[in-house]
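Q: Now for the letters of each chain:
4 protein chains.
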Amino acid sequence: MTETKARIAILGASGYTGAELVRLLARHPRVSIVALTADRKAGQSMAEVFPQFAPLTLPPLVTIDEVDWTGVDLAFCALPHGTTQQVIKRTLDANPQLKIVDLSADFRLRDPGAYEEWYGHAHQALELQQEAVYGIVELYREDVRKARLVANPGCYTTTAILPVVPLIEAGAIDPSVIVVDAKSGVTGAGRSAKESLLYTEVTDGMHAYGVGSHRHTAELDQEYSKAAGRSVVPSFTPHLIPMSRGIYATIYVNTAPGVDAAGVHRVLADFYASEAFVHVLPLGQVPQSRFVKGSNMCFIGVAKDRVPGRVIVISTTDNLVKGASGQAVQNMNVMLSYPETLGLEQIALFP
Amino acid sequence: MTETKARIAILGASGYTGAELVRLLARHPRVSIVALTADRKAGQSMAEVFPQFAPLTLPPLVTIDEVDWTGVDLAFCALPHGTTQQVIKRTLDANPQLKIVDLSADFRLRDPGAYEEWYGHAHQALELQQEAVYGIVELYREDVRKARLVANPGCYTTTAILPVVPLIEAGAIDPSVIVVDAKSGVTGAGRSAKESLLYTEVTDGMHAYGVGSHRHTAELDQEYSKAAGRSVVPSFTPHLIPMSRGIYATIYVNTAPGVDAAGVHRVLADFYASEAFVHVLPLGQVPQSRFVKGSNMCFIGVAKDRVPGRVIVISTTDNLVKGASGQAVQNMNVMLSYPETLGLEQIALFP
Amino acid sequence: MTETKARIAILGASGYTGAELVRLLARHPRVSIVALTADRKAGQSMAEVFPQFAPLTLPPLVTIDEVDWTGVDLAFCALPHGTTQQVIKRTLDANPQLKIVDLSADFRLRDPGAYEEWYGHAHQALELQQEAVYGIVELYREDVRKARLVANPGCYTTTAILPVVPLIEAGAIDPSVIVVDAKSGVTGAGRSAKESLLYTEVTDGMHAYGVGSHRHTAELDQEYSKAAGRSVVPSFTPHLIPMSRGIYATIYVNTAPGVDAAGVHRVLADFYASEAFVHVLPLGQVPQSRFVKGSNMCFIGVAKDRVPGRVIVISTTDNLVKGASGQAVQNMNVMLSYPETLGLEQIALFP
Amino acid sequence: MTETKARIAILGASGYTGAELVRLLARHPRVSIVALTADRKAGQSMAEVFPQFAPLTLPPLVTIDEVDWTGVDLAFCALPHGTTQQVIKRTLDANPQLKIVDLSADFRLRDPGAYEEWYGHAHQALELQQEAVYGIVELYREDVRKARLVANPGCYTTTAILPVVPLIEAGAIDPSVIVVDAKSGVTGAGRSAKESLLYTEVTDGMHAYGVGSHRHTAELDQEYSKAAGRSVVPSFTPHLIPMSRGIYATIYVNTAPGVDAAGVHRVLADFYASEAFVHVLPLGQVPQSRFVKGSNMCFIGVAKDRVPGRVIVISTTDNLVKGASGQAVQNMNVMLSYPETLGLEQIALFP
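Read top to bottom, the protein sequences are chains A, B, C and D. First residue of the first sequence? That's 1 in UniProt numbering, and the numbers climb one at a time after it. First residue of the second sequence? That's 1 in UniProt numbering, and the numbers climb one at a time after it. First residue of the third sequence? That's 1 in UniProt numbering, and the numbers climb one at a time after it. First residue of the fourth sequence? That's 1 in UniProt numbering, and the numbers climb one at a time after it.
The shape of chain A in the complex, shown without the other chains (with noise of 0.2 Å):
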């Protein structure tokens, strides 16, 4: 039955997470892309929307309260934080025997404590919540593959989760000390109209922002937390800089007792060994954004301190691919038994 194609709906489709998502399932072998929505859009064509797709025979945009559900084998919510846990549990009450990929950041928190202070408002959707599995295939491969919904990571916490989870697992770092200096490229922001985002606003500098604040920090207590068993709050702090796609996270950890740069090494490129998506450099060796651009690689290098005890962790990924949408189809590609990496082996856009 290797023919069949899975019957794709993407919520939010004129975004750059939703153009990303259309992007790639337009050229994945398995998957049919049925039905488009973008609700402030709706009754344009995405070639509008989006121009590089003119080219392609896809649906119309429609409202959400348009889609004919009938059929459709899995969708992909791209749509805002907040509303988002409304919009899937309506839907899936309406139609239970859907899977989802969501993209926002309403179903990656299992505590509903944490979801409201966070985001200052309590859960609409707490079953679903639980029953939400956090996407990050390399991590939760087995969770992923039973799951009906899934809570596709931030692209900040994807980067910085890969390299210190394993490190934290093996107890080849002190998860007391973690700082995550984080460096953003501009499409994280998304596609909204913001004085703060204009062209001349974020070219030819940068700045740090939502320091000490910002939201994804919550999936990083989370993760580190589990991982290490106790409470781990890291220092976490993102930048703005002036590349249209990518993450770039510098992290500075403490290494457990008789662990230098080699051991910290060792256990990332075990860890990830045989993993098709996560590459582990040879120990020294820095990676750079450009090499994952447009792919869903994360890239990890390891370098030595002169600080006796510090090792220094680099990690980087696209932030629209491995960081959001390409994390998404990897995660439906698990979700519907196929192969993990159908669709996904394009190699980066560089130069």
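These are computed hints drawn from the structure, not numbers from a lab. Careful, some of the hints might be misleading.
For chains that are exact copies, the list does not tell them apart, and a pair is met inside one copy or across any two.
Unchecked claim - Restricting the straight-line Cα-Cα distance to at most 30 Å, the calculated cross-link-like pairs of lysine-lysine (DSS-like) are: (1) 304 to 5; (2) 89 to 226; (3) 304 to 89; (4) 99 to 146; (5) 194 to 99; (6) 5 to 146.
Note that the coordinates shown come from a computational prediction; the quantities given were computed from them, not determined experimentally.
Please build the complex by placing chains B, C and D on the supplied structure of chain A, with the hints as guidance.
A: This is chains B, C and D only, laid out in the frame that chain A set:
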């Protein structure tokens, strides 16, 4: 026998067009890369030169002399102008069954006199020069199908030929007044370390260069004149733009009597109606270079000017794909009787 | 009395041209900024809107109605097109001794019919429209000296008028065939939050816009026609380039009989020999936009084309300085009988 | 006697810091540039090397040996590391009355052993090394005033020393745990033609480099240790960012018992209250690199971290101005008893 894979060599794999060939061919289902050369970087792995390929298994970089040509079906030649003709002559003499797609300028001009005028020395492989087919598939498909040696056109010229030659052939424009104001991304200049190509010299500004003297002009002369049946001398001004990829040609043409912008548009829309890699936008819409970035597409727009009798035709390609390596793979597909779009389905990476 | 300082108001200080006026005037030795307006940001400090001014002492942002005009000598008006004419009419009615440099398009066109055609409504201050002087100092110095109201030209037009008007006036070119292929940095579009101006929509690519319909064309028509003594209709195509500042105009002209590129160059070199802000490069050299960035300079280059009888003239300015606020200060200097270069001596910021 | 002008030579005028010195000094009211050297470009005009200076009258580029030192008051030395020490020794031996501001690293380290360790060879001018004053005016103003030879600090170090040394001296932070995550624009790497600095290798992406081994670390060690009165070893990781200018340092510090973010902020605000070139933002505000671009300012922000006892201090400068040539002019002003801000009043060029 759809399962057979052609055995491919890439000469000059350490430049940007070489890397782009690897990017495309490593995922091409009917191709096996068996040799990669880079004279100055021989002995290194491709991953050392372009780390984005680190997760792949690829042949090591060797010198051209080290290539074992046994069983090689087709070679891409991405070497510097001037030396290429001798390399190809020598290689074809020794391996007459080999097919070659040459990405240099060495075999693009049919007229030995024009070659000598523009390149300052007599051609060293005159017979091959006569044999070579100019590799714009959309215009020379049947010749390419039978060719042993294809001269892959330049990026500027591909972008300026596709929208203009059908207009000349149809008699829709006056070939004696054509202004091609062309803008290029920086990859068009290759990977050689020159002060003028430093980030700091190129970013956040722009300039014209080679005004009235750029060598790609010779190709325009050749193809425009061939279409017109008489000598055509266009104005051609290249500019360097702070973007990695992309050629953007704004072309001012005077229409033939009785032809207006709609007529110009109709000629192009009809001519390219069934082509996979040329997309003519609706009349009045202009393309953006970013909507073809990373793809093998050429997008063409037609707009009427305020000046009576003048029409503005705008054409854009990715100089490394449709302007170089993608077009080379398209030529290869035709030469090997593969489906023309095989391995070239990638959609533009935007944003 | 060289110590007296003129008292200056800036209406519309929260946009880019407003900020550029503050940058220049805060260091101008003969000027004191006494009022800054920004209707939507009234109540904020300039440092909140543009933090680079945090170390300075500046008046707070107020609404236009809150300005105390007592003792104000000159106002710069950097307000949106359309509403400006009424603001200026009202302000001059109440303060007839005031001098104004208006950076909007409202008073640039002398012909009420042309204004109505390009802006879609009748002009609301016809008498002032007739009174206003078109503020290119190099062409209208004496008129500016006596003016009460100066209409500061647009950035595209300044850049395309300076190199062409002397050629038309000298009879060196045929005014009936002029192609202005113009490229603009993104600040030319101002600071309003539009999706099309987001970093992610503008970076690493380019596109034409307003083909055949950009309103600056009306100014070109006016000034070219005035120089020619008959109606001149140039082609004008603007493009958006991923750079912050800079206009770069590549202008294709046909020479008059007996005139070649050297003749064209001589006309311009002679015309601007004693001008501080226009620099004509040696024949054959082309300027780069980055060599004028941040300065009030216009650099002009002349190159011969391959096409007999055609010459390529290239002109570049910083759209926020010589294309807007710098030229406005230059106008002010002339209006106030200050040395013309006062406060405008800054050299381009390159790299 | 305010009208006298010091006679100035610039050694190494063809690099970016040399050009920046010319940009600043050509408009400095108390300075006359009498000699410009550039060994490899001797015989050319400055306008050939940096066309933005074409409108100015400047001395021609000569070799160092061709300089006539008669009557030269002060020289800026913007030569490569390593050779500088011999050039300066020779020049001062022949012209002992000369004052020198050296922009290389040759005289920054007071400890000959540290110099040898970081630069791999013994210092060739030990007496001058001892004589040289470390040229951060805000910290060493009195020493600079009396100095004959000033070692102008590096860009990274200026940016990381200004916000940290006062905190160490005040006992507000624990010097044993300092993480400096630093990001640099590309001009920091100079104008030499290297593949790794090509536009195409640097744009639209980022990477760390010199992890744990960058030579500027030695200056941090020296100044932090001096402030602490004991050996301090910070973590320091530089990154290359696609922007022309700017250093952006995100610094993680642990506070001393009883000190919180407000306390850290107060120390810095007080320390720099009367300094013209260091601006401390209100508590909780973070700077952007673009708000100092082209100016001699250092902007500092302080934010509290989620992690108890940790504070994040952010500091940014323009690496070519306060990080190099502007600071050099500031040193010159102090050495010549000029007002410290003379010629350095330019406000940042934003946007």
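Q: Look at each hint and say if it fits the structure.
A: Consistency of the hints with the structure:
For the homomeric pair residue 304 and residue 5, neither the shortest alpha-carbon distance inside one copy (48 Å) nor that between copies (44 Å) is at most 30 Å. For the homomeric pair residue 89 and residue 226, the shortest alpha-carbon distance inside one copy (27 Å) is at most 30 Å, but the shortest distance between copies (61 Å) is not. With identical chains, the CA atoms of residue 304 and residue 89 are never at most 30 Å apart, being 47 Å at best within one copy and 38 Å at best between copies. For the homomeric pair residue 99 and residue 146, the shortest alpha-carbon distance inside one copy (10 Å) is at most 30 Å, but the shortest distance between copies (50 Å) is not.
For a Cα distance limit of 30 Å, the shortest separation of residue 194 from residue 99 qualifies neither inside one copy, at 33 Å, nor across copies, at 35 Å. Proximity of residue 5 and residue 146 under a CA criterion of 30 Å is satisfied intra-copy only: 19 Å inside one chain copy versus 37 Å between copies.
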